[in-house]
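> Sequence:
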Amino acid sequence: MIRVYNTLSKTKEPFEPVVQGQVGIYLCGPTVYKPSHIGHMVGPVIFDTIKRYLCYSGYTVRLIINITDVDDKLIDESKKRGIPMDRLAEDMTRDYMANLRAMGVDTIDAFPKATENMAGIIAFTQDLIEKGFAYESEGDVYFDVAKAPDYGKLSRRTLESVQGEGGDTAERKRSQADFALWKTAKPGEPSWESPWGPGRPGWHIECSVMSGKLLGETFDIHGGGLDLIFPHHENEIAQSECRHGKPMARYWLHNGLMQDSSEIGKLGGRNTRAAEGDNAAQEAGKISKSKGANPFREMLQQFAPETIRFFLLSTHYRRPIDFSEERIRQVGVGLETFYRFFKRFERVSGESFYRLDRPRRRSDGDFQPGADRLLKDVAEFRDRFLEAMDDDFNTGGAAGVLFDLVRRLNKFVDDEKLEEPGRRDEARLASLRRGAATLGELAGTLGMFRDPAEEKSPAGDALAARLMELLIEIRAEARKAKDFATADRIRKSLAEIGVTLEDRPGGTDWTIG
RNA sequence: GGCGCCGUAGCCAAGCGGCUAAGGCAGCGGAUUGCAAAUCCGCCAUCCCCGGUUCGAAUCCGGGCGGCGCCUCCA
Numbered sequence: 001m002i003r004v005y006n007t008l009s010k011t012k013e014p015f016e017p018v019v020q021g022q023v024g025i026y027l028c029g030p031t032v033y034k035p036s037h038i039g040h041m042v043g044p045v046i047f048d049t050i051k052r053y054l055c056y057s058g059y060t061v062r063l064i065i066n067i068t069d070v071d072d073k074l075i076d077e078s079k080k081r082g083i084p085m086d087r088l089a090e091d092m093t094r095d096y097m098a099n100l101r102a103m104g105v106d107t108i109d110a111f112p113k114a115t116e117n118m119a120g121i122i123a124f125t126q127d128l129i130e131k132g133f134a135y136e137s138e139g140d141v142y143f144d145v146a147k148a149p150d151y152g153k154l155s156r157r158t159l160e161s162v163q164g165e166g167g168d169t170a171e172r173k174r175s176q177a178d179f180a181l182w183k184t185a186k187p188g189e190p191s192w193e194s195p196w197g198p199g200r201p202g203w204h205i206e207c208s209v210m211s212g213k214l215l216g217e218t219f220d221i222h223g224g225g226l227d228l229i230f231p232h233h234e235n236e237i238a239q240s241e242c243r244h245g246k247p248m249a250r251y252w253l254h255n256g257l258m259q260d261s262s263e264i265g266k267l268g269g270r271n272t273r274a275a276e277g278d279n280a281a282q283e284a285g286k287i288s289k290s291k292g293a294n295p296f297r298e299m300l301q302q303f304a305p306e307t308i309r310f311f312l313l314s315t316h317y318r319r320p321i322d323f324s325e326e327r328i329r330q331v332g333v334g335l336e337t338f339y340r341f342f343k344r345f346e347r348v349s350g351e352s353f354y355r356l357d358r359p360r361r362r363s364d365g366d367f368q369p370g371a372d373r374l375l376k377d378v379a380e381f382r383d384r385f386l387e388a389m390d391d392d393f394n395t396g397g398a399a400g401v402l403f404d405l406v407r408r409l410n411k412f413v414d415d416e417k418l419e420e421p422g423r424r425d426e427a428r429l430a431s432l433r434r435g436a437a438t439l440g441e442l443a444g445t446l447g448m449f450r451d452p453a454e455e456k457s458p459a460g461d462a463l464a465a466r467l468m469e470l471l472i473e474i475r476a477e478a479r480k481a482k483d484f485a486t487a488d489r490i491r492k493s494l495a496e497i498g499v500t501l502e503d504r505p506g507g508t509d510w511t512i513g
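Residue numbers for the first sequence follow our numbering, so the first one is 1 and each next one is one higher.
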């Protein structure tokens with residue numbers, strides 16, 4: 001039984017989709033006006049993982065991420081750069097997609113765009129006007145918040161508390177809390193024809209339109225960053241539920257935001273902030289507002305994608321996560337344990353870990369360990385992993401179990417002395433294989449260890465390989481002759497240029513880094 | 001000011017009323033090794049503070065202190 005934390009109820013609830021066995025998920029995606037930074041990867045990686053886990057648990061899952069390709073920020077940026085808005089959006093969408101691919105996020109079924117759904121947006125808006133939930137005003141169309149019966153139920157706000165300043169549209173709205181469904185075009189702005197004149201959609205409407213079109217009027221999971229709860233998701237609910245007269249989504253899942261700890265100041269809320277004036281710490285906190293929000297593709301030069309993915313999954317998705325290069329580096333060091341085991345597995349079994357037949361479904365992986373001590377432990381770790389994931393997708397807890405599991409497998413290889421070729425009988429190898437396949441099965445639900453990690457040693461450098469072979473051979477002869485001075489000199493000199501030697505019963509291995 | 005989140009070892013982090021408080025990084029012992037590397041074993045936490053509820057609290061309630069998010073078309 002999977003349980004999920006629902007922002008709507010503020011409690012964990014048993015997960016039951018609208019249609020048995022099928023799940024629809026809508027995740028609010030980026031506004032494509034700038035290259036994506038690491039903060040943009042948090043949601044996709046988490047929901048990609050959630051989809052993997054739900055599929056693993058037997059559900060058929062449809063996962064949608066929208067692309068906002070028309071918006072004030074896009075208009076501003078395209079002006080600044082002197083390129084058309086659609087061209088800018090296209091470029092930035094390509095950047096976003098490339099980053100998702102690098103992160104192993106490849107379970108997204110559709111990326112609907114606002115500009116490709118204008119007819120639906122206009123129809124939706126018109127319908128809201130006809131039903132009395134929205135009104136036109138000088139070419140703009142506003143949602144009449146006062147007409148929404150339970151407005152504020154997601155963010156727990158009262159109508160009085162959301163009366164903003166209203167900005168330059170104040171006099172056109174009935175209430176300051178009303179929000180735009182359609183905005184009339186200013187001269188020179190991209191626009192679409194509508195019953196209210198040329199204009200473009202407001203921010204929230206596209207999500208109501210596209211989620212309804214692709215997933216139905218009531219779907220299962222709506223996701224996004226915590227910062228979207230108000231006003232974005234609140235307004236989506238108001239639009240969709242007023243139009244359809246039924247709940248928009250069953251479960252509202254919100255992920256914590258990436259923060260830049262190097263910029264977090266000591267300042268508190270907005271009052272303090274206002275008092276402090278234009279302090280540098282104004283930029284503190286969320287990485288999207290931070291100077292440290294470097295393009296993600298630059299970060300990919302620095303860290304292995306799988307390391308970044310594991311870093312994002314190392315804590316519970318609802319918690320904020322501090323960005324720090326040192327932390328990502330430490331996660332990378334931890335992952336080495338797995339990569340070394342995979343090599344060890346191949347050495348011992350003669351098979352590639354990555355080619356193992358991994359159970360794809362939870363039910364396929366169930367097994368009776370019988371009297372096998374190793375598999376008994378493996379089964380126990382598997383249960384613990386699944387228990388963590390069942391509990392609101394606790395990837396941090398689940399990741400910890402993976403370390404327990406790999407340690408147990410290493411211990412098996414140690415105890416049974418499988419590094420010694422003579423000890424590798426079929427029974428022992430079968431147990432080890434089963435254990436490794438289980439590790440692959442579980443890690444697969446996190447989208448981890450799907451393909452061999454990039455080798456640090458320069459691939460295809462045949463010369464280096466030949467030279468190493470030679471050095472290792474000379475050293476082996478020296479060791480045999482108990483000439484440890486020579487043997488150690490070789491190893492030490494290699495260490496100085498970053499090459500590590502590892503002596504094993506079956507021979508000597510070398511690694512770079 | 002309103003709404004909400006968080007505070008567990010040097011750092012990160014799981015834990016959602018009940019066995020000895022997961023795991024990672026760093027550190028320290030030991031096994032193994034000719035010496036190493038890797039691996040394994042072991043050690044390292046008065047759970048921010050103060051009250052309360054309970055047979056029993058890191059976990060629930062109240063109050064402090066500290067940090068953060070939203071209320072500004074940011075994922």
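Bear in mind the hints are in silico, worked out from the structure with no lab data behind them.
Quantities reported herein were computed from a predicted structural model and do not represent experimental measurements.
Any given hint could turn out to be false.
[Unchecked claim] FRET-style restraints, in silico, Cβ to Cβ: (1) Gly132 <-> Gly188: 33 to 39 Å; (2) Arg373 <-> Lys213: 22 to 28 Å; (3) Asp106 <-> Glu346: 21 to 27 Å; (4) Arg373 <-> Arg347: 18 to 24 Å; (5) Arg361 <-> Phe111: 37 to 43 Å; (6) Lys376 <-> Ala464: 29 to 35 Å; (7) Glu380 <-> Asp106: 28 to 34 Å; (8) Arg327 <-> Arg94: 46 to 52 Å; (9) Gln301 <-> Arg94: 57 to 63 Å; (10) Arg340 <-> Lys376: 21 to 27 Å; (11) Ser9 <-> Glu380: 48 to 54 Å; (12) Val333 <-> Ser493: 20 to 26 Å; (13) Gly188 <-> Arg355: 56 to 62 Å; (14) Glu346 <-> Pro190: 24 to 30 Å.
[Said to hold, decoys possible] No more than 25 Å apart at the CA atoms, straight line, and that leaves these computed lysine-lysine pairs for BS3-like: (15) Lys131 <-> Lys12; (16) Lys12 <-> Lys80; (17) Lys79 <-> Lys131; (18) Lys10 <-> Lys131; (19) Lys80 <-> Lys186; (20) Lys73 <-> Lys113; (21) Lys213 <-> Lys147; (22) Lys186 <-> Lys73; (23) Lys343 <-> Lys246; (24) Lys12 <-> Lys246.
For glycine and all other residues, C-beta sits at the position ideal for the given N, C-alpha and C.
> Next, verify each hint and record whether it holds.
Hint-by-hint comparison with the structure:
1. Gly132 <-> Gly188: 33 to 39 Å: 34 Å, holds
2. Arg373 <-> Lys213: 22 to 28 Å: 54 Å, violated
3. Asp106 <-> Glu346: 21 to 27 Å: Given a distance of about 25 Å, which is inside 21 to 27 Å, the answer is holds.
4. Arg373 <-> Arg347: 18 to 24 Å: Taking Cβ atoms as reference, Arg373 and Arg347 lie about 23 Å apart, which means the hint holds.
5. Arg361 <-> Phe111: 37 to 43 Å: Violated, since Arg361 and Phe111 (Cβ atoms, about 27 Å apart) do not stay within the stated range.
6. Lys376 <-> Ala464: 29 to 35 Å: Check failed, 44 Å falls outside 29 to 35 Å.
7. Glu380 <-> Asp106: 28 to 34 Å: With Cβ atoms ~32 Å apart, the hint holds.
8. Arg327 <-> Arg94: 46 to 52 Å: 29 Å, violated
9. Gln301 <-> Arg94: 57 to 63 Å: Violated: the Cβ-Cβ distance is about 18 Å, outside 57 to 63 Å.
10. Arg340 <-> Lys376: 21 to 27 Å: Once the Cβ atoms are compared, 25 Å apart, the range 21 to 27 Å for Lys376 and Arg340 holds.
11. Ser9 <-> Glu380: 48 to 54 Å: Hint violated: Cβ distance 33 Å, outside 48 to 54 Å.
12. Val333 <-> Ser493: 20 to 26 Å: Check passed, 25 Å falls within 20 to 26 Å.
13. Gly188 <-> Arg355: 56 to 62 Å: 58 Å, holds
14. Glu346 <-> Pro190: 24 to 30 Å: 55 Å, violated
15. Lys131 <-> Lys12: 35 Å, violated
16. Lys12 <-> Lys80: 45 Å, violated
17. Lys79 <-> Lys131: With Cα atoms ~37 Å apart, Lys79 and Lys131 exceed 25 Å; violated.
18. Lys10 <-> Lys131: Since the Cα atoms of Lys10 and Lys131 sit roughly 31 Å apart, the hinted pair is violated (cutoff 25 Å).
19. Lys80 <-> Lys186: Status holds; Cα separation ~17 Å.
20. Lys73 <-> Lys113: This hinted pair holds, its Cα atoms lying about 16 Å apart.
21. Lys213 <-> Lys147: 24 Å, holds
22. Lys186 <-> Lys73: Roughly 14 Å between the alpha carbons, so the hint for Lys186 and Lys73 holds.
23. Lys343 <-> Lys246: 54 Å, violated
24. Lys12 <-> Lys246: With Cα atoms ~22 Å apart, Lys12 and Lys246 stay inside 25 Å; holds.
Hint compliance for this structure: hints 2, 5, 6, 8, 9, 11, 14, 15, 16, 17, 18 and 23 are not met, and every other hint is.
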